[in-house]
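These protein sequence lines map, in sequence, to chains A and B. So the first sequence is numbered by the numbering used here: it starts at 1 and just counts up by one. So the second sequence is numbered by the numbering used here: it starts at 1001 and just counts up by one.
Wrong hints could be hidden among the right ones.
Stated by the list, open to error - Interface residues of chain A toward chain B, partial, derived using beta-carbon atoms under 10 Å:
| # | residue |
| --- | --- |
| 1 | T7 |
| 2 | G9 |
| 3 | E11 |
| 4 | T14 |
| 5 | L22 |
| 6 | L47 |
| 7 | L103 |
| 8 | A113 |
| 9 | G148 |
| 10 | F152 |
| 11 | V158 |
| 12 | L161 |
| 13 | F162 |
| 14 | E170 |
| 15 | Y179 |
Treat the hints as calculated values from the structure; they're not laboratory data. C-beta atoms are modelled at their ideal positions from N, C-alpha and C, and glycine is treated no differently.
There are 2 protein chains.
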Amino acid sequence: MWRVLSTRGFEGLTLRAVAAELGASTGLLTHYFPNKRALLSHALEELDRRSAARPRRLAPVDGTPPPPVGLARLRAALLDVLPLDEATEAGNRIWVSSWDVALADPELAAAHAERYARSRVALTAHVADAQRLGELPADADPAGLAAGAQAFVLGLVVQSLFAPAEFPAERQIALLDAYLAGLVA
Amino acid sequence: MWRVLSTRGFEGLTLRAVAAELGASTGLLTHYFPNKRALLSHALEELDRRSAARPRRLAPVDGTPPPPVGLARLRAALLDVLPLDEATEAGNRIWVSSWDVALADPELAAAHAERYARSRVALTAHVADAQRLGELPADADPAGLAAGAQAFVLGLVVQSLFAPAEFPAERQIALLDAYLAGLVA
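Just chain A, same shape as in the assembly (with noise of 0.2 Å):
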């Protein structure tokens, strides 16, 4: 289903080519999926699962030193959203290609506008860190500052997986980290 959605989208979702990948017929299929939207639904929790158990650019690790806190774990998590290789690039594949249905079902829009709002929560933490820690300016709203970034990263998603010629992972960090300096002024 991974494979399918990442390469044809949800509009290419079906229980044929679900079951093709699989080696496995459609009806053991509709078994467990008795449509589309299940699939879908599936493929976006399976999807939040790995995204939290995949190494993170800042997990602790035995021996290593501690994570980054501030300005440093804002930059760490706004690049953890980013399609900066094969596996994170699928996995932006999916979650753009849900969008669409989403936006027409008003539970999956629910779960992705609360995906969306805990993200921000998190980021706004790391943003007020960062002022503490004198690295962004106090008299900024972390609010707005989290939501804006949010916004940049998702957009820079959506154009890296449009022009991926053009949005290489290396200027993708740049034009992240150009960003990140403008707040820092």
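We have chain A already, so just place chain B on it with the hints.
Below, chain B without anything else, positioned relative to chain A:
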């Protein structure tokens, strides 16, 4: 078609739904549009046309002062992207809706990539003007700045569509202005 796309998205776009909106038969529609993709392609072209024809924030009108240049023009061009009213929200809903199909369809993907590249070229010119006017730092890379600005507004579009109550027009504008203030600094 516009109404169907803007409320139900591409996933909800069927010849039958469009025929119902039109009060026409499905047969009449298939005469013009053999499939969903043809409908979407037409919708995107129509969106381009409406977008080009709609009164811009900076269109010169007889008797009004000349359109702004530099930073003010960059700001106006970015504001033109945002879902600040019902019409631009509906248009943006259709764009976001098209991303899923477009990413899986080389021809649509190329058309989208070209649209965004064209828009970056226009934004880059405004940035360069603003630099010449001393409104933006002369040492910044204009193309990078334009790509960042485009990412920012695209991401803000997505956030606003999912959480319209959290991102009313005035907040979108305030976030954009805070972003621009960061570029100036």
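Evaluated hints:
| no. | hint | in the structure |
| --- | --- | --- |
| 1 | T7 | holds (7 Å) |
| 2 | G9 | holds (4 Å) |
| 3 | E11 | holds (5 Å) |
| 4 | T14 | violated (12 Å) |
| 5 | L22 | violated (20 Å) |
| 6 | L47 | violated (15 Å) |
| 7 | L103 | holds (6 Å) |
| 8 | A113 | holds (5 Å) |
| 9 | G148 | holds (5 Å) |
| 10 | F152 | holds (5 Å) |
| 11 | V158 | holds (5 Å) |
| 12 | L161 | holds (6 Å) |
| 13 | F162 | holds (5 Å) |
| 14 | E170 | violated (12 Å) |
| 15 | Y179 | holds (6 Å) |
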